[in-house]
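Produce the entire structure from the sequences given, and follow the hints as far as they go.
Residue numbers (numbering that gives the first Met the number 0), protein chains in the order written: chain A, 0 to 185; chain B, 0 to 98.
Worth double-checking, as some hints may not be accurate.
[Said to hold, decoys possible] Selected chain A positions facing chain B (Cβ under 10 Å, derived; list incomplete):
(1) Leu16
(2) Arg17
(3) Tyr67
(4) Asp99
[Said to hold, decoys possible] Once the Cα atoms are required to be at most 25 Å apart in a straight line, the calculated SDA-like pairs of lysine to any residue come out as:
(5) Lys72/A / Leu39/A
(6) Lys6/A / Arg87/B
(7) Lys59/B / Pro69/B
(8) Lys6/A / Glu82/B
(9) Lys6/A / Ile70/B
(10) Lys109/A / Arg49/B
[Stated by the list, open to error] So the derived label-pair ranges between C-beta atoms look like this:
(11) Pro48/B / Leu69/A: 38 to 44 Å
(12) Asn64/A / Gln80/B: 21 to 27 Å
(13) Arg56/B / Glu129/A: 21 to 27 Å
(14) Arg86/B / Lys109/A: 42 to 48 Å
(15) Glu112/A / Gly55/B: 16 to 22 Å
Keep in mind that the hints were calculated from the coordinates and are not lab data. A quick note: this is a predicted structure, and the numbers were derived from the prediction, not measured. For each residue, glycine too, the CB sits at the ideal point set by N, CA and C.
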Amino acid sequence: MSAADFKDGLIAEIPNLRAFAASLSGSMQLADDLVQDTLLKAWGNADKFQPGTSLRAWLFTILRNTYYSLYRKRGREVQDSEGTYADRLATHGNQESHLDLADFRKALAKLPEEQREVLIMVGATGLSYEETAEICGVAIGTIKSRVNRARARLAELLSIGGVDDLGPDRRITAAVQRAGPETVGS
Amino acid sequence: MCPELHAVRGGLDRQNAGAPMERGIMNLMNADPPEAARAEPDDEAVLDPRVQESIGRSLKAHYDDLVNAPIPDRFLVLLAQLEATERRLRTEGDADERS
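Written out as structure tokens, the structure is:
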């Protein structure tokens, strides 16, 4: 892969890197520093990237490692002093979905990092369970388990449930009872 | 046995009779097998597909909103500098070889 091709590949991944970094760190400012570090490391280690494999997965691995080794503590400090980006970030769309998105982001920010990162990777980035497991250095079963717990916790935080048409199964209704009587869309 | 207990037993039997079906639903809806799910209390709750879909849509909305945000120039400037530096080093290297 030529340097120019590699550079184009990096440029194409910047939006995803920023979105993942912001989701992970909870701060847009930290996210941009994190992306800059990631790009520098990627450029310096370009010879280690295997053409034909997922550049996104490779870059996410670098970004995630950088975050956990250098940024995690700063992230907490920034969030404590400024609040999370969820409180400040300008969002597009109509008022109703804007409010929904703000609520969702506050709930997302309350998830443990290990749950939040896998939920984002699996649910929004287009990465597979296999790639996510490799990026996090854990088994696929662990990823699936974290995704399930993350979803259950989000439903709880957002007070969404509603399974009245599924019958009175205790395991299924447990989530609804915990989450309260509101249903999706109410 | 009092009638109330009979009624309770009957309810339990009906639940047990529905167990295989329930497990199938769980396998479809829950990424974990039921045995593994029971190990973690939070995994026991199987979410309504509509709830899962709602969370999935919100996740995409959250992420896509960030993806679509304007990119600061600093990244393009940085990569342009890195590329220019590498090109210069390579040119100098070529010059060294020729000299």
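Would you pick out the hints that fail for this structure and give their numbers low to high? Number 3 only.
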